[in-house]
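Engineer: Letter by letter, the chains look like this.
Protein chains: 2
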Amino acid sequence: MKIALCQINPIIGDIEGNKIKIKEGYLKGIKDKVDLVIFPELAICGYHPLDLVEKQEFRDKINQASEELASLTGSVGLIFGSIVEEYESVGRGVYNSAVLCYDSKVQFVQHKTLLPNYDVFDEVRYFEAAKENRVHEFRGEKLGISICEDIWNDADYWKHRLYERDPVQCLVDSGASLLINISASPYAFGRREERKEMLSVLTKTDKVPLAYVCCTGAQTDLIFDGASMCFNSGGVLQKMGAKYAEDYLIFDTSEKLDEITNVEGCYEKEVINALVSGLKDYADKSGFKKALIGLSGGIDSALVTYIAVKAFGNDNVHVVLMPSEYSSEGSISDSKDLISNLEISSELIPIQPVFEKVKEVLNPSFNGLSEDITEENLQSRIRGLYLMALSNKHNYMLCTTGNKSEMAVGYATLYGDMCGALAVIADLYKTEVYQVARYLNRDKEIIPQNIIDKAPSAELRPDQKDEDSLPPYDLLDKILLMYLEEYKEINEIVEKLGNEQIVRKVLKLVDKNEFKRKQAAPALRVTKKAFGYGRRFPIVQNWER
Amino acid sequence: MKIALCQINPIIGDIEGNKIKIKEGYLKGIKDKVDLVIFPELAICGYHPLDLVEKQEFRDKINQASEELASLTGSVGLIFGSIVEEYESVGRGVYNSAVLCYDSKVQFVQHKTLLPNYDVFDEVRYFEAAKENRVHEFRGEKLGISICEDIWNDADYWKHRLYERDPVQCLVDSGASLLINISASPYAFGRREERKEMLSVLTKTDKVPLAYVCCTGAQTDLIFDGASMCFNSGGVLQKMGAKYAEDYLIFDTSEKLDEITNVEGCYEKEVINALVSGLKDYADKSGFKKALIGLSGGIDSALVTYIAVKAFGNDNVHVVLMPSEYSSEGSISDSKDLISNLEISSELIPIQPVFEKVKEVLNPSFNGLSEDITEENLQSRIRGLYLMALSNKHNYMLCTTGNKSEMAVGYATLYGDMCGALAVIADLYKTEVYQVARYLNRDKEIIPQNIIDKAPSAELRPDQKDEDSLPPYDLLDKILLMYLEEYKEINEIVEKLGNEQIVRKVLKLVDKNEFKRKQAAPALRVTKKAFGYGRRFPIVQNWER
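These protein sequence lines map, in sequence, to chains U and W.
First residue of the first sequence? That's 5 in the numbering used here, and the numbers climb one at a time after it.
First residue of the second sequence? That's 5 in the numbering used here, and the numbers climb one at a time after it.
Extracted from the complex, chain U is given alone in its bound form (with noise of 0.2 Å):
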């Protein structure tokens, strides 16, 4: 059997573009004389649409287009993902599916059975779950068709499985001779390598091809890498999709290929092409043509300015450099050189005329308390009013250069740094964002050496350095991948780290700084647990170890 697999990025919500998107597939497909063009899951509305999927008119549009898709079908088979709706006495009656077309109509809808709940998934919120998984018989072929989740269950890949029920497993069992799973899997370095192995543990056990079908680019803080794939009967990877990008791709399950190997480049490599799709597609679906960063002479916003070079193009990115009085020389000149190796538009616009006034006006209200925080907020503060100034005023995309490990600890000022709207890096640890720029710079320096070699500093204080009030980076991370990604508590850091003191006090501080993460913009997720949707804390919460 020959399958195209169009690994499309939706646009959540747009049932028309998406629709169009899916008949040009089909088309295409027909041209190229396969039996099947498979779409990822919910296709047609984008993956997730969230609380979209609550509303009447918004499913009943979806119905609309699926049928309308379904009547353009000749003998060539159509799958894709939809929301399909069924009259049920009890419960929503809603269902997370893939629906297979071909003679003009719907042919055969196979619901999702294992809805994921955990992360950044509440798909039990929307959906109620399949209560049979049937195979379809089509030229020649038992399809076994399933939806994401349900092929992540597989008792011999897992030691501890999350379902009872086991769909593929069912599938197989009813004689499925090629499996179809159509999917929306969000990217997190390491999960790529991941899909494979299991999914060749499963083919080759069970005997069975699989076309895998995945969607691409960004909804907001999710990002979708693509990579679609396929393989034989003896769980050898034979077809893979473009990373990050839309692709079309023909399997033939006749056809005996080269095993594809390394499918998971370079952390470094990996991260950069996810974070420039994330951003990218973030500007291309809310209509944002430029971008606009601070720039502060530190590492963060240089390697934020290089992502959006990428994803905007050079002519499109506009950095303003903000120094105030405890800006040390090299800030300047460091950013001038970086200004100089991406060739973009830049500013100079000095906070220290505004600090003054806003000290001179508060200055009665302060009691004659002396200089404390507050002063350091207020500069990052300034700045946050002139970045938001410079958007409001000519439509830039305000990106945020936080890392994890300060959005991590709080070492960031609410309407201050923390001002935009996405965070570019808030996925990647301080020693991440270093290992990164170090990684551009293989070849020729692009982030300047200085930037990579100076201390890091807030530049809020003088000869203000970030050790002052945070322990070194390299420990820091290493207690919050721990704690953060790991679910590991203190005595098992500690254990590990030693430290106990500096342990407890980073734990103390990731708890209590969830009301600032609750107002950060979205942060691109690129690692399985990131800051956002996917990891919810109490913000008023008092638990003590």
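Keep in mind the hints are simulated off the structure, nothing from the lab.
The reader is advised that the hints may include incorrect statements.
Same chains, same label: a pair holds when it works inside one copy or across any pair of copies.
[To be verified] Within a straight-line C-alpha distance of at most 27 Å, the following computed DSS-like cross-link-like pairs (lysine-lysine) qualify:
1. Lys397 to Lys509
2. Lys284 to Lys522
3. Lys512 to Lys284
4. Lys397 to Lys37
5. Lys469 to Lys516
6. Lys135 to Lys146
7. Lys512 to Lys294
8. Lys361 to Lys397
9. Lys59 to Lys533
10. Lys397 to Lys163
11. Lys520 to Lys533
12. Lys59 to Lys516
13. Lys340 to Lys509
14. Lys458 to Lys397
15. Lys520 to Lys243
16. Lys25 to Lys516
17. Lys397 to Lys512
18. Lys294 to Lys284
19. Lys59 to Lys163
20. Lys448 to Lys59
21. Lys533 to Lys294
22. Lys27 to Lys363
23. Lys260 to Lys294
24. Lys284 to Lys469
25. Lys59 to Lys135
26. Lys533 to Lys522
The model shown is predicted, which means the values in this text are computed figures rather than measured ones.
Position chain W against the provided structure of chain U, taking the given hints into account.
Structural biologist: Only chain W this time, still in chain U's reference frame:
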């Protein structure tokens, strides 16, 4: 049987503190010679701990505290909500449970069967559903114990049910002679009446008395209004706990009392009490002693100031007047009247000097473009800058003053008037803000009449009125109510309200301003559909009707 209902206000995560509250209530019950002492859902850790549940150490500490409580028990029964973990080969094995202890140990555990996973609830994210519901014999009664949602699926009450299983019916069928429901049900106006109606039908139909114990206090944005209820087997409400406060009440199932009616107060009174309780608890649980409000001379900040005075006491509320060149004379004098009525401290800090300085500094960057929304936002952001500086310097809790109508259509400035820890009235439409203000003035003038009478204005440009940019609030709020809370779409709204062009514009504004709300302060919830955790829409999307 004599049952003590302990309506407590737990702190999320404060297992030690909550354990002490449970112990104290139990000892009081012994003194009062009751048979059984009952506490709300998840009383041991507060509702809802969200992702804290995913921490093994958190669950272990809860288990340890539960064991400690059990070991303290004598012949009097103790029921409290806890998290119970069971080793299971598939799934999480974590349950939201009611634990019944006596004679020094845990004697019986009933897991929650129906896990709400809509609006603000994500329980499937954390818990497995009970596999069975059993009655437990204790002191001659067959106890039918259930947890919150378990009792909300009664076939006699609901036209369309969400769940197949009916755990309470199952308990009744198993011969339950007394129903116990431990609950944590967030406040929304009208919900209490609904609870009473539904529970009355249930107890009357099933001919079994019910003790329904709720928690009180607020957890960030969610307010729990207490009002625990006891019904006799004829469906008659016999006892009710205090509203918005901790309480302890004894229900003697053999006693016959007069029916309690009028469980819900009038809208204005309920909402004020709810918001005061919400603000007070946020401050108490976060350690804030003083509130700060930017007083514009408009109705929103006036009402928030009144609520803050009720929550913090007038000695602990400080307001700032920050007039601009566009502020009317009346704004100042009306604010002064309010300050005098409420006997609070205040100061006046003009924004003009800083506004001028910022415009001067940014002038070259504005490329001669004429004044627009940028300058309006600048003024709002300078006010935010001032307020945050005072909050930082004096440790004030800054209260955000935006209403639901503004938040809906994005008529608010990010990092400007949206600054603050908690949005106090962001779940009240503008027309409701007026309604509540009028109610406050029913006996004497608290909110200066002029504030109520004048046309609402942001005063950010000459002669600006809200109605220049927005439809009249009477119409706007009707559209918003239908769209946000009744889930109606364009056709139905227009059919009812006409004004197609306006309706279309309003819905578009609501959809497009998700990015602002993502970065908004948590909003105290008093309706069934508030902005925040319970309403989840994609930021980047293109749903077109």
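Engineer: None of the hints should be skipped; say for each whether it holds.
Structural biologist: Against the structure, the hints come out as follows:
no. : hint             : result
1   : Lys397 to Lys509 : between (42 Å within a copy, 23 Å between copies)
2   : Lys284 to Lys522 : both (24 Å within a copy, 20 Å between copies)
3   : Lys512 to Lys284 : between (35 Å within a copy, 23 Å between copies)
4   : Lys397 to Lys37  : neither (52 Å within a copy, 71 Å between copies)
5   : Lys469 to Lys516 : within (22 Å within a copy, 40 Å between copies)
6   : Lys135 to Lys146 : within (20 Å within a copy, 35 Å between copies)
7   : Lys512 to Lys294 : between (38 Å within a copy, 23 Å between copies)
8   : Lys361 to Lys397 : both (23 Å within a copy, 17 Å between copies)
9   : Lys59 to Lys533  : between (30 Å within a copy, 14 Å between copies)
10  : Lys397 to Lys163 : neither (56 Å within a copy, 53 Å between copies)
11  : Lys520 to Lys533 : both (18 Å within a copy, 24 Å between copies)
12  : Lys59 to Lys516  : between (36 Å within a copy, 17 Å between copies)
13  : Lys340 to Lys509 : neither (37 Å within a copy, 44 Å between copies)
14  : Lys458 to Lys397 : neither (34 Å within a copy, 31 Å between copies)
15  : Lys520 to Lys243 : neither (44 Å within a copy, 42 Å between copies)
16  : Lys25 to Lys516  : between (46 Å within a copy, 24 Å between copies)
17  : Lys397 to Lys512 : between (40 Å within a copy, 22 Å between copies)
18  : Lys294 to Lys284 : within (10 Å within a copy, 44 Å between copies)
19  : Lys59 to Lys163  : between (39 Å within a copy, 20 Å between copies)
20  : Lys448 to Lys59  : neither (53 Å within a copy, 45 Å between copies)
21  : Lys533 to Lys294 : neither (29 Å within a copy, 36 Å between copies)
22  : Lys27 to Lys363  : neither (61 Å within a copy, 52 Å between copies)
23  : Lys260 to Lys294 : neither (46 Å within a copy, 73 Å between copies)
24  : Lys284 to Lys469 : neither (33 Å within a copy, 38 Å between copies)
25  : Lys59 to Lys135  : within (24 Å within a copy, 32 Å between copies)
26  : Lys533 to Lys522 : both (16 Å within a copy, 19 Å between copies)
This entry does not satisfy hints 4, 10, 13, 14, 15, 20, 21, 22, 23, 24, going by the numbered hints stated previously.
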